[in-house]
Amino acid sequence: MSTVLSVQNLSKAFGGVQAVEDVTFAVDAGEMRALIGPNGAGKTTCFNMLNGQLKPDSGDVLLGNRSILGLPPREVWRRGVGRTFQITATYGSMTVRENIQTTLLSHHRQINRMWTAARTLFVDEAMALLEQVGMVNQYDRACGVLAYGDLKRVELAVALANDPQVLLMDEPTAGMAPRERVDLMALTAEIASARNIAVLFTEHDMDVVFAHAHRIMVLDRGRLIAEGAPNDVRNNEMVQEVYLGSGAVHGVGSA
Amino acid sequence: MGELIVTILTGLSSAASLFLVAAGLSIIFGVTRIVNFAHGSFYMLGAFIGYTMVQAIGGTIVSYWVAVLIAALVVGLIGVLMEILLLRRIYHAPELFQLIATFGVILVIQDVAKEIWGNEDIVSPRAPGLDGAVEIFGQRLPEYDLALIAIAPMVLIGLRLLFYKTRWGTLVRAATQDRQMVAALGVNQRWLFTGVVFLGSLLAGLGGAVQLPKGGADLLMDFGIIAEAFVVVVVGGMGSLGGAFLAAILIGLLNVFGIQIFPNSTLVMMFLVMAVVLVFRPWGLLGKPETPAATGTEIPNEPLRPAVPMVKVLAGLVLAFLIALPLLQELFPTVLDPFVIVQANEILFFVLFAAALHFIMGPGGMVSFGHAAFFGGGAYTSALLVFHFGLPFELAFPAAPIGAALLALIIGWFCVRLTGVYFAMLTLAFAQIAWSIVFQWTEVTEGDDGINSIWPSDWVTPLVLYYLTLGLTVAGVLLIRRIVFSPFGYALRAGRDSPLRSEAIGINIRRQQWFAFTISGAFAGVAGALFLYTKGSIAPTSMEIARSFDALLMTLLGGVEALAGPVVGAAAFKLLEDLFAASEYWRGLMGITIIALVLLLPKGVAGFAQTGVGRRLGLSRAEEVRA
Amino acid sequence: MSDPILTVSGVHSHYGRAHILSDVALEVRGGEVVVLLGRNGAGKSTTFKTIVALVRRTAGEITFLGNRIDNRESYVIARMGLGYVPEERRIFTELTVMENLEVGRQPAREGLEPWTPERLFEIFPNLAEMRDRPGGRMSGGEQQMLTIARTLMGNPSLVLLDEPSEGLAPVIIEQMAQTIGLLKQEGLSVLLCEQNLHFARLVSDRAYIIEKGQIRYEGSMAELEENDEVRAAYLTV
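Chains as they are written, first to last, in the working numbering: chain V, 0 to 254; chain C, 7 to 633; chain U, 251 to 487.
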């Protein structure tokens with residue numbers, strides 16, 4: 000497998016507090032990679048540096064072998080890094096399909112057209128994406144009235160619309176019911192493997208993490224303290240101490 | 007040397023009132039999330055009531071200051087009245103309705119003040135004990151200026167103690183961030199709100215009363231101070247008392263030095279400083295980025311869909327009527343006065359003006375308080391070209407949208423860096439500056455008199471002008487609709503719905519908003535030129551705050567969510583205005599109507615179509631929300 | 251078991267045009283920890299918000315400590331001793347830890363030892379080390395503890411916790427479970443809503459399951475453990 004995203008010695012401090020310190024890792028195409036750690040460990044800061052929302056103090060982020068450092072989020076997206084947010088961010092005043100169409104219009108650089116009705120553009124492509132995430136039946140509903148789990152599916156379709164090489168998912172299953180969580184991540188894994196997309200996700204639900212991640216990284220106080228296959232991470236004593244705990248509140252005890 | 011120091015001290019003293027007003031505005035906004043437009047009116051009331059009190063009891067040093075404090079207290083109580091009767095009922099209404107409601111209060115207060123204190127400017131006596139002057143390096147400075155210089159820091163320290171050392175202050179700061187949570191923790195937020203409005207209004211009243219010996223009292227004080235207070239709040243940073251203090255001093259100094267550098271337009275200096283501050287610190291000197299306050303009452307927007315057949319038929323009927331109107335008037339002169347054509351003409355260009363504003367307000371989510379700048383900008387572009395260069399109608403008219411668009415391009419570049427209330431305040435401040443340039447630069451613009459006798463070419467008879475207006479308005483409205491449903495319009499709406507997501511899918515929101523702002527300015531410019539050639543003249547009044555508010559009112563009257571809103575709203579507004587025009591108290595009547603409308607029809611007239619009743623009448627096809 | 255301190259019966263509520271709750275009934279008895287389980291959007295948060303009057307009920311009765319509270323305002327209900335910790339934590343980020351606690355402070359209640367910051371710091375030792383830190387500079391776990399501590403400052407006899415485990419690391423969730431145990435020892439009643447069944451199992455005595463705005467199951471935690479059918483139907487773990 001080839002490396003798609005590599006992160007080298009990434010560091011970021013906020014007002015004297017080291018939020019992320021010397022983090023280095025690489026993600027391969029088609030891989031599902033989880034980034035876990037206590038609240039405030041720097042996961043979101045890390046993500047924000049990967050997609051250009053924050054500028055790191057030092058270090059580099061390479062997509063393929065080109066640096067994407069210093070590019071604004073919209074440029075990073077154009078290079079092929081999609082992102083979903085912890086709290087869904089969709090367009091409430093548009094229908095499900097229009098949400099996808101808007102994304103496609105931006106992707107195909109037709110967003111500044113002022114004459115043709117947007118509704119009539121990229122209809123088939125939008126429907127194909129909705130088909131993949133199982134939202135075709137609800138294409139004409141307003142995003143504002145969708146169930147939360149369905150909204151997450153719309154977000155996934157949006158993230159896939161520009162044919163990304165890398166997908167960053169910030170707590171993709173937060174706020175979902177247990178069964179929905181498993182379904183959504185199974186769907187993500189399936190699509191990632193079919194399209195050879197590298198997926199990097201943060202998550203607090205250990206059932207989801209251990210069911211779907213190929214490899215797991217653990218961040219604590221800004222530093223990577225462990226990286227490896229799920230079983231190795233699960234049995235790592237340091238990880239148990241700072242993050243996993245005794246296993247009483249998730250179904251994943253040490254094996 | 008002495009001159010410099012005295013100039014600085016004069017500047018500092020003029021900062022005092024400004025700080026008091028801006029601080030009050032900022033405090034009220036912090037907790038209630040309402041930008042109290044009537045704040046300038048409270049300042050004006052402070053001056054008038056202060057004058058009356060000083061006349062009644064203010065003969066000695068002590069009683070003078072007692073009179074000032076009583077004036078401030080009375081204004082505080084008027085604020086409480088407004089809070090209880092009006093604001094309390096609209097805390098959950100959309101932001102804009104709150105603004106419009108407080109604008110209604112301005113109109114009412116104007117008429118009340120006129121009734122009580124008359125039209126004449128009032129010159130107030132000097133304060134006893136401070137009626138002399140001190141000598142500084144051989145220059146004379148009024149003693150009263152020294153008192154003013156001391157007042158601002160004293161109030162600042164008092165407020166800081168109140169907010170950081172008392173339980174009440176802690177609760178207020180907590181409520182500034184999340185008022186619902188404060189209630190859930192057992193705090194009766196009603197009294198907290200009332201208290202805050204009392205404090206803020208009191209500060210405005212105090213500001214008005216303490217400037218009496220320097221500025222007196224008149225009926226124009228309200229709009230004058232509110233624009234300056236907005237500049238202070240924007241420059242200092244919303245919610246920051248220290249920032250307001252710094253900014254007030256900055257503006258105060260600029261005012262005195264500005265006169266020496268640009269004697270014609272002191273506001274130009276203010277513009278430059280504000281521009282510099284905003285480029286380097288978009289949230290003001292000591293401000294923080296705006297965070298949407300948690301109210302917990304978000305109701306999702308409905309998707310914008312093409313008009314349903316019923317609406318299309320209605321629109322067609324109205325259009326047919328308008329086309330036939332001149333003919334009908336000729337056929338039935340007894341039923342239809344010739345004045346009807348003039349009236350229809352006027353409604354039409356206001357429809358275009360309102361539609362232009364709605365374009366950025368509705369789909370764009372940008373509330374402009376200063377759109378009259380582009381309406382007037384367009385009109386003045388044509389008028390100046392005719393007046394100075396003798397350009398014919400055929401060239402001067404098309405220049406209007408270009409001039410207005412250029413103006414919008416410049417103003418928009420600054421404004422789109424901000425969002426929400428900051429954006430709105432900045433547009434108002436820029437519009438006020440544009441107004442002051444037109445007003446003060448007499449050599450070029452003829453100042454207050456305006457430019458008169460600008461008529462179209464001979465072939466443009468009143469009938470042709472009517473059809474031209476009709477044609478351009480209909481074309482403009484349709485074009486705007488077209489853009490709203492085009493990819494550009496979707497991107498604009500995307501930026502409004504979720505800036506985070508938009509940036510993440512490659513949309514440059516700021517640029518999108520900037521272009522939209524410019525397009526809107528151009529359409530407003532066309533409306534302005536139509537106004538110019540219909541009336542034959544243009545004066546600075548067409549650029550003042552009240553005109554910007556007319557457009558806001560029309561848009562709101564029609565409902566922001568509905569695309570038909572501005573069309574319905576402009577018509578309703580003009581009809582109301584004509585209805586009240588005969589009365590001496592047309593302002594007050596308008597104000598009361600506005601307040602009543604906000605309380606009774608919080609979705610606007612056209613928004614009504616999207617309610618349950620409207621759906622039953624076939625005016626909308628929004629989906630019923632189910633759990 | 252002691253008498254119910256909170257009784258909800260026949261409650262309906264709407265959000266705009268959406269019918270969110272229909273005929274919800276539940277009760278909490280003194281010293282009990284009760285969990286309301288259900289999927290996202292099932293109506294858990296709305297049930298809580300309806301109890302504390304942040305959402306208006308359209309029908310039904312809510313009684314707390316023998317008094318009808320369904321027509322009362324939020325702040326009155328809070329003063330009566332019903333504490334509410336919302337899902338999004340909603341601490342005052344500009345205020346320090348001590349100031350956050352001050353906002354929650356209410357007069358002592360008869361028969362209960364009043365909560366003071368010092369007494370709370372014994373339960374939440376982390377917070378003691380950051381008294382003057384602004385809420386915005388705390389981690390998610392610390393914020394969650396602060397929001398509970400802040401509510402306790404109102405000396406409540408019943409606390410509603412909306413998804414206390416959401417978004418927290420497993421170790422922090424374990425601490426949360428211990429905290430709830432401590433509160434129970436102090437004599438407080440707790441009503442929480444959850445999706446994390448592992449966590450709910452650790453802390454609760456009884457459970458309700460809500461689905462599409464209606465209560466579909468009621469029973470002791472032990473009974474629910476046995477009942478695979480119900481768990482499969484509503485919780486789909």
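Treat the hints as calculated values from the structure; they're not laboratory data.
Even for Gly, the Cβ is constructed at its ideal location relative to N, Cα and C.
Mixed in with the good hints, there may be bad ones.
Stated by the list, open to error - Derived SDA-like pairs (lysine to any residue); straight-line CA-CA distance at most 20 Å:
hint: 1; chain 1: U; residue 1: 462; chain 2: U; residue 2: 435
hint: 2; chain 1: C; residue 1: 318; chain 2: C; residue 2: 478
hint: 3; chain 1: C; residue 1: 171; chain 2: U; residue 2: 355
hint: 4; chain 1: U; residue 1: 462; chain 2: V; residue 2: 177
hint: 5; chain 1: C; residue 1: 220; chain 2: C; residue 2: 156
hint: 6; chain 1: C; residue 1: 580; chain 2: U; residue 2: 462
hint: 7; chain 1: C; residue 1: 171; chain 2: U; residue 2: 356
hint: 8; chain 1: V; residue 1: 54; chain 2: C; residue 2: 595
hint: 9; chain 1: C; residue 1: 294; chain 2: U; residue 2: 462
hint: 10; chain 1: U; residue 1: 462; chain 2: V; residue 2: 178
hint: 11; chain 1: C; residue 1: 171; chain 2: U; residue 2: 462
hint: 12; chain 1: C; residue 1: 220; chain 2: C; residue 2: 134
hint: 13; chain 1: C; residue 1: 294; chain 2: U; residue 2: 355
hint: 14; chain 1: C; residue 1: 171; chain 2: U; residue 2: 479
hint: 15; chain 1: C; residue 1: 294; chain 2: V; residue 2: 52
hint: 16; chain 1: C; residue 1: 541; chain 2: C; residue 2: 318
hint: 17; chain 1: C; residue 1: 318; chain 2: C; residue 2: 194
hint: 18; chain 1: C; residue 1: 220; chain 2: C; residue 2: 132
hint: 19; chain 1: C; residue 1: 171; chain 2: C; residue 2: 155
hint: 20; chain 1: C; residue 1: 294; chain 2: U; residue 2: 479
hint: 21; chain 1: C; residue 1: 220; chain 2: C; residue 2: 129
hint: 22; chain 1: C; residue 1: 220; chain 2: C; residue 2: 157
Stated by the list, open to error - Residues from chain U that keep clear of chain V, each with C-beta distances beyond 12 Å, as calculated:
hint: 23; residue: 288
hint: 24; residue: 289
hint: 25; residue: 291
hint: 26; residue: 337
hint: 27; residue: 352
hint: 28; residue: 360
hint: 29; residue: 372
hint: 30; residue: 387
hint: 31; residue: 413
hint: 32; residue: 417
hint: 33; residue: 425
hint: 34; residue: 433
hint: 35; residue: 445
hint: 36; residue: 467
hint: 37; residue: 482
hint: 38; residue: 484
Now the hints, each set against the structure:
no.	hint	result
1	U:462 <-> U:435	violated (34 Å)
2	C:318 <-> C:478	holds (19 Å)
3	C:171 <-> U:355	holds (16 Å)
4	U:462 <-> V:177	holds (16 Å)
5	C:220 <-> C:156	holds (16 Å)
6	C:580 <-> U:462	violated (49 Å)
7	C:171 <-> U:356	holds (18 Å)
8	V:54 <-> C:595	violated (55 Å)
9	C:294 <-> U:462	violated (41 Å)
10	U:462 <-> V:178	holds (16 Å)
11	C:171 <-> U:462	violated (47 Å)
12	C:220 <-> C:134	holds (14 Å)
13	C:294 <-> U:355	violated (28 Å)
14	C:171 <-> U:479	violated (58 Å)
15	C:294 <-> V:52	holds (18 Å)
16	C:541 <-> C:318	violated (32 Å)
17	C:318 <-> C:194	violated (49 Å)
18	C:220 <-> C:132	holds (8 Å)
19	C:171 <-> C:155	violated (25 Å)
20	C:294 <-> U:479	violated (53 Å)
21	C:220 <-> C:129	holds (9 Å)
22	C:220 <-> C:157	holds (15 Å)
23	288	violated (8 Å)
24	289	violated (3 Å)
25	291	violated (5 Å)
26	337	violated (9 Å)
27	352	holds (24 Å)
28	360	holds (37 Å)
29	372	holds (22 Å)
30	387	violated (8 Å)
31	413	violated (9 Å)
32	417	violated (6 Å)
33	425	violated (9 Å)
34	433	holds (17 Å)
35	445	violated (6 Å)
36	467	holds (15 Å)
37	482	violated (10 Å)
38	484	violated (9 Å)
In summary, the numbered hints that this structure violates are 1, 6, 8, 9, 11, 13, 14, 16, 17, 19, 20, 23, 24, 25, 26, 30, 31, 32, 33, 35, 37 and 38.
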